[in-house]
Every structure is written in C-alpha cells, then in structure tokens.
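> With these hints in hand, go ahead and build the complete structure from the sequences.
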Amino acid sequence: MKSLQQSQNSSFVGLISIIIFYLLLIILILVFSNQILSDIALGRTVSNVIIIPFAIILPLFLIGTIVYNIIKLARERRRGIPGTRYKSKLVLFFTLVAFMASIPQGILSISFINTMTKSWFSSQYGDTLESGVQLALTYYNERLENLESIADSALVASLLRDMETRADKTWETLEEVNSGIHSIQIFDDEGRETLFRGIPEGRMESLALLDVSEGILPKETKKDTTILRVLIGFTQGGEEKFAVISTILPANFDSTAENLTKTLEIFTQLERYRNIFRYVLIGFYFFFSFPIMLLAILVSFILSEEIIRPIVNLEEATKRVSEGDFSIRILSRAKDELSILIESFNRMVAELEKSRRQLIHTEKITAWQDIAQRMAHEIKNPLTPIKLSAQRILRKYEAGEKEFSAVLKPAVSSIIQEVEKLNNLLVEFRDFARLPDPDMEQISLKELVEEAASVFTTSYPSITIHTKDIVDSILILADRDQITRAFTNLFKNALDAISGEGDIYIRADLVIKGNLHYCRIQVQDTGTGITEENLDKIFNPYFTTKDKGTGLGLSIVERIVLDHKGQIWFETEEGAGTTFFIDLPAGLSTEDLSELPTEKLIVSRKKRKK
Amino acid sequence: MKLNSGEDQTQVSMFLVEYSPADIFSSLEDGLRSEIGFSIHIYRETRGIFRLFTQRLVHEETFIQEARWDVFQQQYIIKKASGETLKFSRKEDFISEFFSLKDYPIQFSPERGKKYFTLGRISLETIIFLPPLNVLSSIIPANIVTTAWQRHELPRELPETKG
Numbered sequence: 003m004k005s006l007q008q009s010q011n012s013s014f015v016g017l018i019s020i021i022i023f024y025l026l027l028i029i030l031i032l033v034f035s036n037q038i039l040s041d042i043a044l045g046r047t048v049s050n051v052i053i054i055p056f057a058i059i060l061p062l063f064l065i066g067t068i069v070y071n072i073i074k075l076a077r078e079r080r081r082g083i084p085g086t087r088y089k090s091k092l093v094l095f096f097t098l099v100a101f102m103a104s105i106p107q108g109i110l111s112i113s114f115i116n117t118m119t120k121s122w123f124s125s126q127y128g129d130t131l132e133s134g135v136q137l138a139l140t141y142y143n144e145r146l147e148n149l150e151s152i153a154d155s156a157l158v159a160s161l162l163r164d165m166e167t168r169a170d171k172t173w174e175t176l177e178e179v180n181s182g183i184h185s186i187q188i189f190d191d192e193g194r195e196t197l198f199r200g201i202p203e204g205r206m207e208s209l210a211l212l213d214v215s216e217g218i219l220p221k222e223t224k225k226d227t228t229i230l231r232v233l234i235g236f237t238q239g240g241e242e243k244f245a246v247i248s249t250i251l252p253a254n255f256d257s258t259a260e261n262l263t264k265t266l267e268i269f270t271q272l273e274r275y276r277n278i279f280r281y282v283l284i285g286f287y288f289f290f291s292f293p294i295m296l297l298a299i300l301v302s303f304i305l306s307e308e309i310i311r312p313i314v315n316l317e318e319a320t321k322r323v324s325e326g327d328f329s330i331r332i333l334s335r336a337k338d339e340l341s342i343l344i345e346s347f348n349r350m351v352a353e354l355e356k357s358r359r360q361l362i363h364t365e366k367i368t369a370w371q372d373i374a375q376r377m378a379h380e381i382k383n384p385l386t387p388i389k390l391s392a393q394r395i396l397r398k399y400e401a402g403e404k405e406f407s408a409v410l411k412p413a414v415s416s417i418i419q420e421v422e423k424l425n426n427l428l429v430e431f432r433d434f435a436r437l438p439d440p441d442m443e444q445i446s447l448k449e450l451v452e453e454a455a456s457v458f459t460t461s462y463p464s465i466t467i468h469t470k471d472i473v474d475s476i477l478i479l480a481d482r483d484q485i486t487r488a489f490t491n492l493f494k495n496a497l498d499a500i501s502g503e504g505d506i507y508i509r510a511d512l513v514i515k516g517n518l519h520y521c522r523i524q525v526q527d528t529g530t531g532i533t534e535e536n537l538d539k540i541f542n543p544y545f546t547t548k549d550k551g552t553g554l555g556l557s558i559v560e561r562i563v564l565d566h567k568g569q570i571w572f573e574t575e576e577g578a579g580t581t582f583f584i585d586l587p588a589g590l591s592t593e594d595l596s597e598l599p600t601e602k603l604i605v606s607r608k609k610r611k612k
Numbered sequence: 271m272k273l274n275s276g277e278d279q280t281q282v283s284m285f286l287v288e289y290s291p292a293d294i295f296s297s298l299e300d301g302l303r304s305e306i307g308f309s310i311h312i313y314r315e316t317r318g319i320f321r322l323f324t325q326r327l328v329h330e331e332t333f334i335q336e337a338r339w340d341v342f343q344q345q346y347i348i349k350k351a352s353g354e355t356l357k358f359s360r361k362e363d364f365i366s367e368f369f370s371l372k373d374y375p376i377q378f379s380p381e382r383g384k385k386y387f388t389l390g391r392i393s394l395e396t397i398i399f400l401p402p403l404n405v406l407s408s409i410i411p412a413n414i415v416t417t418a419w420q421r422h423e424l425p426r427e428l429p430e431t432k433g
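Just so you know, the protein sequences line up as chains A and B, in that order.
As numbered in the numbering used here, residues 3 to 612 make up the first sequence, in order.
As numbered in the numbering used here, residues 271 to 433 make up the second sequence, in order.
Accuracy of the hints is not assured; some may be wrong.
Stated by the list, open to error - Computed beta-carbon distance windows for the label pairs:
hint, chain 1, residue 1, chain 2, residue 2, range
1, B, K357, A, T196, 44 to 50 Å
2, B, D300, A, Y24, 44 to 50 Å
3, A, T167, B, E354, 39 to 45 Å
Unchecked claim - Residues from chain A that keep clear of chain B, each with C-beta distances beyond 10 Å, as calculated:
hint, residue
4, E78
5, T97
6, R487
In case anyone wonders, no lab produced these hints; they're calculated from the structure.
Just so it is clear, the structure is predicted and the values come from calculations on it, not from any experiment.
Virtual Cβ for every residue (Gly too), placed ideally from N, Cα, C.
Here it is as structure tokens:
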C-alpha cells in the first residue's frame, strides 16, 4: 500500500528550523542591541564589528532563502504542481498580514523618534544654555577686566608703595576702592612673601611667581574655589617688589561653568547632527525589525506548505484513484477536520479497491467462460466434417459399394485437413497460454522488420510495407522469434485491414526520458479502422472480426510485448486506418533490462480513438 | 614614527602628518572635543616557512589624549590619559603637542637574540560624540581618521620616519 506523507516530514523540519532560527535571531538582536545600548550609555565608540556581518549576512541570507522559495513556487506553478496557486495566495496573505502588523508599529516608532529628537533639540533649551555660558563668560571677563583696571590704576600704585608701612590701613582703603579685591600679597624680587592681607584662599605659592610676568596670572582652582590674580610690579625704597591682587569667584564657579559648557557641547552636537541621528535611530529600528519581517515571510512559506499539504495529498490521491490506483492511502497525524475528510477518503478508496477486486475476479471468470465457449465452438467446427466423413466411409464400407475406394480418399483427406486445423488451433492456444521465456539478444530493429516484411511483400505484391522511417542504428534487446512473430501478426492484421492491397507504414524512434531509453515502434495501416464497439475487445483472446481468424493474433502480440517489458496501444479512426504503438526497451544489456523498474514501464493497453 | 630601544625601556615617537587641522579647530571652537589615539603593537618575528602564522603579538599599548577649547581662558587644553593637562594659547604649539607622541615610554624589554618589529597607527576622532550621539561616531566616515599601520623593525636606534 502506498502512502502520501513525506512532505509533511519536510514541512515539520522546516518549521522547526524556522523556530530555531527565530530564537537565534531574537537572541542576537537582544545581545547586539544590549551591546549598542551599553556603548551608548557608557559613551563608548559604537564600532562593534560583529554587528556588521549580523547586519548584512543575516538579512541577505533571509532574502536569499525567500527569493529561492519564490522562484521554486513560480517554477512549481509553471509545471502545474497541485496546490501551488493556493500556496501562492496563502504566502501573499501571510506577507500582507506581516506588513500590515508592522506598518502601524513602524509609523509609531518613527513618529516617536521624530518627536523625541525634536523635543531634545528645542531651541529654547539651546538659547538658555548659550545664555548661561554667555552670562558666566561675561562675569568672568568683568572680573578679569576689573583686575586689569586695578593693575593700571595710579591710585592702587600709590597705595602699594605704602603697603608695607601701613598695611592694615592700606588694605582697608583698597577694599573700599574696589570691592572685587579679596586678597593682596607682596613678594620681594626673589619671590619671598613679605606681606599678605585678605581671604586666606587667595594666597598664592611664592615659587609659582618666578615663571610669570606682570599682568593677569593663570587662573587657579583649589577644590571648589577659583581665584583670578593680577601681578603688579612696583618699587619701594629702591627695592623691586611684586604685588599679587586676587579676586575669588563664587563657589563652584568652575564646575558650574564646566557643566554648562558640557551641556552646551551635547546640545551643539545634537543640533549639528540631528537629522543624521534621526536617520540612524530609524535605521536601527529597521535593522532589528527587518529580519523579523523577513522571517515572517519565510514562515508564511512553511505554514502555507503545512496548510495545503493535506489538500494536495487529497488531490494527488484522487488523481491516482481516478487513474486506477486504489492502493493509495493518505497518512495524517493531525486530529482536525481535514483528518476526518482524509479518513473518509481512505475508507472510500478501500471500498473501491474491494469492489474492483470483485469485479476483476468476475471478469476473469467471465473471460475464461468465454474462452472455454469459443474453444468448444472452434473444436466443434472441425468435428462435424470429421464425423460426417467418417460416417460416409463407414456407410460405403458396410454397403460394400464399388465406389468405396473413390470416396475413401477425399473423405480421409477431409478428416486429415480438419484434424490439422484442430491441431493448429490447439498449438496456437498452447502457444498463447504458455509462451516460452524470451531469449534476449541484441537485434537490429530495421533488419528484423524488413525480414518479417519481405515474407508478405513476396506473397502479396499489391502491398507496400514502408520501412524507411526506421532509424538504422536502433538496437533492441528481444527474442528474435517472438518479436518476429509479433510483427508478423501485426502485418497480417494490417494486411486484412487493407484487404490485401495498399500501404503499411512502419516507423521507429529512440526515446530518451531521463534514465529511461526505449524504442517506440508504429505500425500504421490505411484500412477500415476499428469500430467503436470493438475497441475494448481487440486484444481479447478469440475475438475476431474475420471469417478465418483464430482471434489469438493480437492477444499473442500483446503477450509478447508484455513479456519484453514493453507496452502496446493503438489509435484508430473508422475508414482511415489504425496505428499500433509498441514501446520496447532499447540499447540495454539483458541484465539492465531485467532491472528496469516495472512501474516506469506501465504495462497497460491504452486505446485512443481519433 | 620613531623608535628608541634601550635595555629596560623602549621609547616611541609618532607624528600625524598630511592632515589639515582646520576641522579640528572648527570643532574645538564650537565647544566640541577631539581625541587622538596612538596605537603601538610589538611583534616577535620568527623565521622559517611558518613565520606568517607564528608572528606573535608580545605587547600592545594605546596612548590617548583629548583636546578642547577653554572659552574662559581662551586656550586650547590637552588632557592626557595620565590626567596631566596642558594649555596652549598659540595654535602652532597646540598642533605640535596634540598630533604627536614624543618619547613615549613603553614598558617592554626585548629579549636578546630575538627579532622584533612594531606596527604603529594613529587614530584621530575629530569630534568626541557624547551619549546618545556616540552611536554616530562610527557612522560619520569623516569623523574618524585612521592611518595605515606603519611597520618598523626594533633595533637599538632608528632614523625618524613619518607615520
């Protein structure tokens, strides 16, 4: 019993592969997205090289697989493989559903990205940040300018000259003159501190003075305090001195300014690269969603295959049943509505098979009854003249008639003739019933046909057997005597069809179908053709439309062809003639011939009426 | 690229040439930061037919320094990986310091009788992108300038070459 199940297994494997692939994809997406997000969060350069193959190879692989499946489906559609149209529709629907499901998600994501980036880049924030930095800068510059003005001030210069003699008074005066002065420090020409007044944080290390020149000194930051200083040179009592006047910026000025500049830095970057950044974010969205989309399309191929498989199996099985193969069964593990249908189908086919067996059995009995009747009739026919001749001889002998000797010879001759006929009949029946196994050899088809034809063309000069359409090189593996006999019977049949006058055409070609090599022979007559009512009977034993025929000629031809693992059928048209087609294995050794799969050489009668 | 190899220490000097610093100044003056990295790989060379497969990386080091413009002091600031900060008012001084690595000591002592070679490369990131924009750093092609690996043998003394 044959079953249709194999593709289900392949679909199952495909489905499992897709699930594994899906899980792998999800893991990769999670790992890489996590890696990217981690890089972003930690401020690292995002340059993970593994992501490039992931980004290119994976979608390419999926696209390649989808394209392969599309091409395969298109080819199957062109070849008319059952279920492909339905499968195409299912794939299209699944793909549309996948698109429809992802489009709102995509629109929402893109809209979200646009909104977020726009809100980040709000000009209000930018202006505020720039104003903050500008404010800090203005304040800073004012303090510097204040120090510079102190350095240039004649009043301060005169006060400095009195500094060491009236230190406290001078310091008070200085504080009153300029509230921005927080400390003053006097050094001698060797950098030694000689005086300090003011806030202690403003004090400067004396050594640092050696490498600088008069004017604004580099900013100094101590913890959260930022100090601006100016160095002023002056002469006191003939000695060169240096005064360092300091101003202290508000606490945390530096860190606040740094924070402001850093935030402004981010904002400047965001403003400058806002479009690229938006496209990159959208790109990342597609980077992760596109493979999922492709996977969904791939799944649609597998699922549609899974859905249509039982239907295709049913269609295939129905087709096979309609061709007469009742051994087909559909195996289904599923427990759904389709499985009930499949079960019913299998039951129906089993019933049909049972009925057909009974029918064949009945047909065989009928056929043998028919053969027995025909045999009896054929045997009875010569028995009557034999009996009559024997009775006549006996009657003449008993009467002692003088002409007994004159009657004896024709009567005995008649008996012998009828016995000969009877013998021929029995020999033919025996031959038909038990043809010897073919003794295979390599035979040139053309030579064999021409040899068989020459017997007829000699005896019947009014007929022409055309053999020029037989390819010279064709060799067949056959039993010479049996095949000759088959051709003889076919020629005899054709000769009767054209009433002993006309043309018989023989054609032979080598046919190659895959690994199968065979020779197709056509025997065409221009006779009366076969009537509709006789189409199904012409290969039946003892069926004949001729007065002198035994009705075994075509049955023997069919038998020989079948024994050579060939097939025979015919096409006929009443009033135009009949063509018999014979397929015989060609160009193979005896061993190869015996190994040929009989399924490929379906031994059956195909009768077609033009 | 210049190499000096001593008993206990190898010093390396690298210079980025044939690069127009206009982009860097433009970025710095816009309040952005730049970064330069000097990568040094030292390989031990082997002989014979399998040398392609047996060259072994024995030491690798990358020195990174960052540059920014201080809007308050109107100075270019270079911050080295060690935390040291250098300030420059003149562009020329800044360029000379930022695009070069001078006598950088590598804690590697070559074994006697072995042959070594070094590969050096400079990678300049015009803009250091801050999160979340650091995702753009590899996407904007002009942002990162990377030189080819320059190979030099590791003798005691080598003439200065451009890298």
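> If a hint holds in the structure, say so; if it does not, say that too.
Evaluated hints:
1. K357/B x T196/A: 44 to 50 Å: violated (30 Å)
2. D300/B x Y24/A: 44 to 50 Å: Roughly 46 Å apart at Cβ, these two residues keep to the hinted range, so it holds.
3. T167/A x E354/B: 39 to 45 Å: holds (44 Å)
4. E78: holds (43 Å)
5. T97: With a cut-off of 10 Å, T97/A remains clear of chain B, as the shortest Cβ separation is near 31 Å.
6. R487: holds (78 Å)
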